[in-house]
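Going line by line, the protein sequences match chains A and B. Residue numbers are given in the numbering used here: position 237 of the first sequence equals residue 477, and the series is strictly consecutive. Residue numbers are given in the numbering used here: position 475 of the second sequence equals residue 529, and the series is strictly consecutive.
Misleading hints may appear alongside valid ones.
Unchecked claim - According to the in silico footprint, chain B covers these stretches of chain A (three or more CB under 8 Å from chain B):
#, stretch
1, 331 to 341
2, 347 to 357
3, 495 to 501
4, 520 to 529
Claimed, not checked - A few chain B residues facing chain A, derived, Cβ under 10 Å:
#, residue
5, Trp87
6, Lys105
7, Gly108
8, Asp110
9, Val112
10, Thr257
11, Met266
12, Thr270
Think of the hints as simulated: they come from the structure by calculation, not from any bench. Positions of the beta carbon are idealized from the N, C-alpha and C atoms, including for glycine.
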Amino acid sequence: MKKNILIFGLVGLFLVACGPVDLNAPIPTFETGVDPNSWVKVPAGEFYSGQHEHIESTTAYEIMVTNVTVNQYADFLNAALADGSIKFVDNEIVGFYPGDEFHGYEHEEEIRAGDWIFIPVDDPSQRVKFDGETFTPQSGYENHPMTMVSWFGAWGYCGYYGTRLPTEMEWEKAARGTDTRPFPWGEEIARENANFYSSRDPFEDMSNFGSRTSPVGFYNGKKYGDFQTLDSVSPYGLYDMAGNVWQWTGNVYEDMHYRFMRGGSKDTYEIDLRVWVRNNATPTYFSPGVGFRCVR
Amino acid sequence: MEFIKTRFNYLFGSTKGLILVAVAMIAIITAVWGMLSGPMAEMGVREVVVKTLGMDLVQAEREGRIIILYHSIAMAIIAIEVYMITSLLKMKPFFKIAINILITVGYITTMIFGMGFAYFGHNWAFHGLYIAGLTLIFFTGVLLVIALWPWNPEYYIEDEEYSRTKKGLNLERTAFFATAVTTVLSALFGAVPGSFYGNGFETFLAENIIRMPHKTVLEYSIIGHLHIMLALIAIMLTLIVGRWLNFRGIWHKLAMPLMILGTIVLNLGVWGVVTPLQPIAHMIIYVGATPSMLAALFLLIWSWGMLIRTGTAHLEKPTFGQKLSALVRDPLKFGPTWQMLFMNFTTSGIGIFMAVRLDEIFRVWPAREERIELTGHWHVLSAIIATIILMYYGDMIGLKGKIRQWYGWGLIVLSDIAFGAVTVFEMKRLFITEAEQQPLVNRLMYLMDFGLATLLLLLAIVLFWRLIDLFKSKGRWTEETDQELAEEVMQ
């Protein structure tokens, strides 16, 4: 009996011994040389979509080379707050969304026209800081992808600049090009290709805060300190189309309110980085592992 | 030559030998393929295993590979259950021999050629043999149904201690029969879509399409199949444990009709997902699951009572401590029903909680989180089934004294540490944010790895001991060659 008490005691101690996580631990800063304001053109035409290589097609469009950065999103928030496009309510930034058609299908939740959360302001993982008047990027995170942003917040950002979120097909074509590769850069994945769970990049500490985002365009073949990356650009010249952060896509599907994400993230194993893998969540969901980019 | 012949006869001609082979096959698959994912992959072990064994892992084929892996392991588990049934229940010798031969050839063919096809290039002859193996197992199921036919007066019973009708129909045998029939029919719900998807169509894992509002009939069929097969394996194992422990008396009389009813209704609910009944299928499943779980509870109540009674028979007025001590004295007899109880915390309870709060909690989270919960949930159930089988195996090979205690308690404690950690891991979002979870995740991973790795080590020691034993001319295997489980049922 004493032995059992000892065992259970040790197990209990083991569990409660989890130290607090320092969400603001210093982060290494690197300049990747990739311009987050740049766009590339994806031509109209067919491509292989999905795991089973269905032939789909898109019209021509331009897509951002990188995910929207914390810096870019802070600029948007300042501009949109100033002109009244968004509001600060109960420690959240909210903005108007015109709502979706609702059919009351099983598990479907109604998305009504009205103000919906763009970002939480007081969450400790939020990398855009608000002093009551101005939004500023947290130091060290300026060129990291904007996270802790809901689908509405991503939709609102793109719409504000006359752009939109990519459809799933547009996202996939931009990531894969016109062949059947599973990853944007080719057939196989190595730790130096992308930021994924336990990929041992300079930003993670698996004993404390775990994986963190990497600057956009980080995996471009450059060496950062001791860390040599592989150039992991997609066939059309996009970065971070696998790993770092899940990316919201724009489709609103009938009979469900879920919004889809692509690309895998710093928090997922490499299987989720395959170009056809889908994830989804309610449009109000935000996380340190979800970001977005726009198309036009 | 005689050396090989006698060992071959033991391994493939006796119940205990057949079970040993299947346990060893599963252990090898689990040990090797367990290194391809999770923490082992993180540590770089996967690359070494893939290169060393010359595996060919095409990214787009992962889902198909996993389906074959699951089936390979599941067929061996089913084979073990079938060996136990043919050794525990009365049946004509022809059926016993035919069933054991067919299922052995079936699961070994399935495992070797299925895994060969999935992980070592695509030799389509291997795929054909994999299907042939599965087909043999299906045919074995049909034979088992015939062999278990309970309305043969030869199998009627008169003993009032057991659940029976007035005419003497053995309701426990009927429960075995009902479970076997529904298992064979439910296998079709996988075989039909499996034939479609297996022919180069779009293979998928059910956990990846959970949130799609519109599913095809074949997709529903797959989802129903995977749920019910695991449930049926668990139900069959509950019946086997009952027979091993010689479940009888009032609780037996109450449990067996419930087991029959629950099995049939549960299956009707699952089959209903491919019919217009789909919207109410879940309700039918709940209605069916309730009597099945009640029957398992009755087995637990009876077996714990029996262990306490027999353990304190020499005492006039046993104290609570003495009763508790008697209950846990033999971990191999206490363990199976304890694991069934523990399952309610790690599997059934979680499943019910998820179903009740699905839209409010679980479907607010990303699909990936829900996937973790679902896969964790049924991995734990599968592993609990495996531990119960290993407990029975430990008993049937005659582990005694300290070895029995270490083996039994090792199985219980190590597996429950791992399963408890998996359960907390699945539910972690209820109490910790993504940003703050890493230290907790690390500790849970250590617990899971410690539990499972040590458990596998324990199993490896037992298997190594059995391997050494095979080289002895008068080893334990010589005694086991003719032993039948029915002879060893507790009196």
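Problem - chain A contact restraint for Gly108 (chain B) - C-beta distance below 10 Å - result: violated (16 Å)
Exercise for the section: Take the stretch 331 to 341 of chain A, compare each residue's beta carbon with every beta carbon of chain B, and decide whether three or more fall closer than 8 Å. Expected result: violated (count 0)
Exercise for the section: Double-check Asp110 (chain B) for me: the hint is only fine if its C-beta lies closer than 10 Å to a C-beta in chain A. Expected result: At about 12 Å, which exceeds the 10 Å cut-off, the nearest Cβ of chain A leaves the hint on Asp110 (chain B) violated.
Practice task
So, Val112 (chain B) near chain A? Judge it on the closest CB pair being under 10 Å.
Solution key: Holds. Min distance 9 Å.
Practice task
With chain A as the partner, please determine if Lys105 (chain B) meets the hint condition of a C-beta pair closer than 10 Å.
Solution key: Violated, because the Cβ-Cβ distance from Lys105 (chain B) to chain A comes to roughly 13 Å (cut-off 10 Å).
Practice task
Verify the coverage statement for the stretch 495 to 501 of chain A against chain B, using a C-beta to C-beta distance below 8 Å and requiring 3 or more qualifying residues.
Solution key: holds (count 4)
Handout entry: Status of the Thr270 (chain B) interface restraint (C-beta, 10 Å, chain A)
Key = violated (14 Å)
Practice task
Classify the hint on Met266 (chain B) as holds or violated, based on whether any CB of chain A lies nearer than 10 Å to its CB.
Solution key: holds (8 Å)
Exercise for the section: Apply the coverage criterion to the stretch 347 to 357 of chain A and chain B: a residue qualifies when its Cβ sits closer than 8 Å to a Cβ of the chain, and three qualifying residues are needed. Expected result: holds (count 3)
Practice task
Can you take a look at whether the stretch 520 to 529 of chain A is actually covered by chain B? Rule is 3+ residues, C-beta closer than 8 Å.
Solution key: That given contact holds, which follows from 8 residues of the stretch 520 to 529 of chain A lying within Cβ reach (below 8 Å) of chain B.
Handout entry: Interface hint compliance - Trp87 (chain B) to chain A, C-beta minimum distance less than 10 Å
Key = violated (15 Å)
Exercise for the section: Verify the interface restraint on Thr257 (chain B): the C-beta must sit less than 10 Å from at least one C-beta of chain A. Expected result: Given a least distance of 8 Å, the restraint on Thr257 (chain B) holds.
Violated hints, listed in ascending order, are 1, 5, 6, 7, 8, 12; each of the other numbered hints is respected by the structure.
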